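Visitor: Residues per chain are reported as follows:
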Amino acid sequence: MLPARIKSAAVAIAAVGLLGGCATSGNPKDPIEGFNRAMFAFNEGLDSAIIKPVAKGYDHVLPSPIKTGVTNFFSNIEDLFIGVNNLLQGKVPEAFSDLGRVVINSTVGLLGVIDFASDAGLEKHDEDFGQTFGRWGVGNGAYVVIPVFGSRTVRDTVGLVLDVAADPVANHNPRRTRDMAIVLRLVNDRANLLPADKVVEEAALDKYSYMRDAYLQRRRNLIHDGNPPREVEANADSADPATNAEVQVSEPRADAATEAAVVVARADQASPN
Amino acid sequence: MKSLFALFSGLLIATTVMAQELAPDVLVKTVTNEVLDIVRKDKEIQSGNTKKAIDLVETKLLGHFNFTRMTQLALARDWRQASPAQQKILTDEFHALLVRTYSKALTEYKNQTIDFKPFVMKAGETDVRVRTEIKQSGAGKNIELDYYLEKSGAAWKVYDIEVGGISLVTNYRDSFASEVRNNGIDGLIKSLQAKNKSGEATSVKK
Numbered sequence: 001m002l003p004a005r006i007k008s009a010a011v012a013i014a015a016v017g018l019l020g021g022c023a024t025s026g027n028p029k030d031p032i033e034g035f036n037r038a039m040f041a042f043n044e045g046l047d048s049a050i051i052k053p054v055a056k057g058y059d060h061v062l063p064s065p066i067k068t069g070v071t072n073f074f075s076n077i078e079d080l081f082i083g084v085n086n087l088l089q090g091k092v093p094e095a096f097s098d099l100g101r102v103v104i105n106s107t108v109g110l111l112g113v114i115d116f117a118s119d120a121g122l123e124k125h126d127e128d129f130g131q132t133f134g135r136w137g138v139g140n141g142a143y144v145v146i147p148v149f150g151s152r153t154v155r156d157t158v159g160l161v162l163d164v165a166a167d168p169v170a171n172h173n174p175r176r177t178r179d180m181a182i183v184l185r186l187v188n189d190r191a192n193l194l195p196a197d198k199v200v201e202e203a204a205l206d207k208y209s210y211m212r213d214a215y216l217q218r219r220r221n222l223i224h225d226g227n228p229p230r231e232v233e234a235n236a237d238s239a240d241p242a243t244n245a246e247v248q249v250s251e252p253r254a255d256a257a258t259e260a261a262v263v264v265a266r267a268d269q270a271s272p273n
Numbered sequence: 001m002k003s004l005f006a007l008f009s010g011l012l013i014a015t016t017v018m019a020q021e022l023a024p025d026v027l028v029k030t031v032t033n034e035v036l037d038i039v040r041k042d043k044e045i046q047s048g049n050t051k052k053a054i055d056l057v058e059t060k061l062l063g064h065f066n067f068t069r070m071t072q073l074a075l076a077r078d079w080r081q082a083s084p085a086q087q088k089i090l091t092d093e094f095h096a097l098l099v100r101t102y103s104k105a106l107t108e109y110k111n112q113t114i115d116f117k118p119f120v121m122k123a124g125e126t127d128v129r130v131r132t133e134i135k136q137s138g139a140g141k142n143i144e145l146d147y148y149l150e151k152s153g154a155a156w157k158v159y160d161i162e163v164g165g166i167s168l169v170t171n172y173r174d175s176f177a178s179e180v181r182n183n184g185i186d187g188l189i190k191s192l193q194a195k196n197k198s199g200e201a202t203s204v205k206k
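Protein chains in written order, with my numbering: chain Y, 1 to 273; chain B, 1 to 206.
You may find that some hints are simply not true.
[Said to hold, decoys possible] Derived lysine-lysine pairs resembling DSBU-like cross-links, with alpha carbons at most 35 angstroms apart:
1. Y:198 <-> B:122
2. B:110 <-> Y:124
3. B:41 <-> B:51
[Claimed, not checked] Residues from chain B that keep clear of chain Y, each with C-beta distances beyond 10 angstroms, as calculated:
4. 23
5. 33
6. 36
7. 66
8. 84
9. 89
10. 108
11. 118
12. 119
13. 120
14. 123
15. 199
Since the hints were derived computationally from the structure, they do not count as laboratory data. The structure displayed is predicted, hence computed values, not measured ones. Just so it is clear, CB atoms sit at the ideal spot from N, CA and C, and this is done for glycine as well.
Please build the complete structure, drawing on both the sequences and the hints.
Guide: What follows is the structure, given as structure tokens:
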């Protein structure tokens with residue numbers, strides 16, 4: 001199972017590298033905008049044709065306590081893996097807190113369905129391999145939209161491959177339960193995002209770039225655990241936004257394939273954006 | 001008698017100054033609670049009447065926001081290219097867009113509670129971040145909601161809002177810049193106006 005997943009991700013990265021050649025926009029953070037927009041349109045189509053209607057039905061039919069239970073159940077499984085990432089980032093107290101959450105919620109919380117740990121003051125964290133790489137100093141690389149999963153950067157795509165490889169749900173046997181669990185998780189996650197949808201529709205002049213820039217800001221915030229260094233302010237009288245872009249993304253114009261190849265090797269040199 | 005009067009007017013001045021110099025965290029807390037109290041009681045806003053939510057935002061929040069500064073931040077260096085008249089239109093349109101977005105978010109309100117994070121301000125600071133967190137009642141992760149305030153004159157004004165680390169203001173920077181690059185300042189004004197028109201049309205029913 002695992003090699004197949006890694007292989008398909010490798011193909012995706014290679015494809016990104018190939019397309020890196022046909023730069024279509026002046027935005028240094030998004031050198032393959034043409035490809036990304038096409039993929040974004042594909043994902044939007046998939047979402048509005050299948051995923052969103054199913055999520056709406058799910059949201060409408062199930063009572064809130066059940067939906068909360070489903071969210072908590074998957075959130076509990078995820079905590080284990082968040083703990084591993086916190087450990088890899090050297091955040092030992094957080095890692096122990098995540099482990100504590102899993103122990104409490106898996107037992108008292110009836111296999112994770114009830115989140116007692118949050119009530120007990122053990123805060124839920126948000127970590128993944130992409131963030132761990134970022135913490136280690138790996139730069140973003142180009143922005144990429146990948147099928148189904150959506151917004152990523154080259155770094156976070158590599159992270160995603162490991163996330164999926166380490167995902168207890170995706171590795172579960174027998175296959176039938178696994179597939180059902182994956183679908184349930186996807187639908188439930190999507191249902192939780194339904195309120196945000198309307199706000200984005202209201203806010204965005206161009207949904208593609210709104211989602212892109214939101215993703216990049218969000219990741220930057222997560223890597224710094226909510227306290228990213230303030231960007232140099234680009235107001236009318238001072239700095240130039242182009243320089244800010246340079247500050248944010250190391251080697252913005254580097255070819256995406258090269259970027260992917262050196263992404264791990266650079267771990268100890270580049271500074272977190 | 002005279003001294004009593006002096007004392008009284010002294011007190012009066014002291015309270016006015018205090019009212020004006022409401023600390024930024026107190027300001028955010030007071031206004032948030034005031035607005036949410038209204039939303040909690042208003043079934044129409046809860047069922048998606050954006051128009052009503054906009055009225056609420058306009059009356060309760062507007063005085064505490066610095067929209068010129070927000071527009072300037074979103075436009076970055078293109079702000080300088082705009083004539084004062086264009087700057088005025090841009091500010092008005094961006095203002096309308098932000099108010100509608102914020103109001104839309106209010107109509108999605110469902111029993112969440114707001115946690116106000118501890119706030120410490122150094123003496124003489126004029127630019128601060130007040131951190132809050134939206135606690136979801138059931139499913140869903142908590143969302144950090146941070147307000148950036150700047151002291152202008154005696155009052156503190158919000159010039160940026162970050163939701164989960166995403167700035168509602170600077171998130172527009174790249175799309176505004178590319179719009180200006182392709183169609184000029186007037187092109188950006190046109191697309192903002194078009195966006196606001198289409199938003200207004202749907203704000204009543206949805």
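Visitor: Would you say residue 89 of chain B is clear of chain Y, with no C-beta pair closer than or equal to 10 angstroms?
Guide: holds (15 angstroms)
Visitor: For residue 119 of chain B, is the shortest beta carbon distance to chain Y beyond 10 angstroms?
Guide: holds (15 angstroms)
Visitor: Could you check that no beta carbon of chain Y comes within 10 angstroms of the beta carbon of residue 108 of chain B?
Guide: violated (4 angstroms)
Visitor: Please check whether the beta-carbon of residue 84 of chain B is more than 10 angstroms away from every beta-carbon in chain Y.
Guide: Non-interface label on residue 84 of chain B holds, nearest chain Y Cβ at 12 angstroms vs cutoff 10 angstroms.
Visitor: Should the label of residue 66 of chain B as a non-interface residue stand, given a Cβ cut-off of 10 angstroms to chain Y?
Guide: The claim holds: residue 66 of chain B sits with its nearest Cβ about 12 angstroms from chain Y, beyond 10 angstroms.
Visitor: Taking the shortest Cβ-to-Cβ distance between residue 36 of chain B and chain Y, state whether it exceeds 10 angstroms.
Guide: holds (16 angstroms)
Visitor: Beyond 10 angstroms from every Cβ of chain Y: is that where the Cβ of residue 23 of chain B lies?
Guide: Since the minimum Cβ distance to chain Y is about 21 angstroms, residue 23 of chain B lies beyond 10 angstroms and the statement holds.
Visitor: Are the Cα positions of residue 41 of chain B and residue 51 of chain B separated by 35 angstroms at most?
Guide: holds (16 angstroms)
Visitor: Far enough from chain Y: is every CB of that chain over 10 angstroms from the CB of residue 118 of chain B?
Guide: Holds, because the least Cβ-Cβ distance between residue 118 of chain B and chain Y comes to about 14 angstroms, which exceeds 10 angstroms.
Visitor: Test the statement that residue 33 of chain B is away from the interface with chain Y: the closest C-beta pair must be farther apart than 10 angstroms.
Guide: Holds, because the least Cβ-Cβ distance between residue 33 of chain B and chain Y comes to about 21 angstroms, which exceeds 10 angstroms.
Visitor: Just want to verify: residue 199 of chain B was marked as not at the interface with chain Y; is every Cβ pair farther apart than 10 angstroms?
Guide: Check fails; 6 angstroms does not lie beyond 10 angstroms.
Visitor: Once the closest CB in chain Y is found, is it more than 10 angstroms from residue 123 of chain B?
Guide: Nearest chain Y Cβ is 20 angstroms from residue 123 of chain B, so the label holds.
Hint violations for this structure: numbers 1, 10, 15, all remaining hints satisfied.
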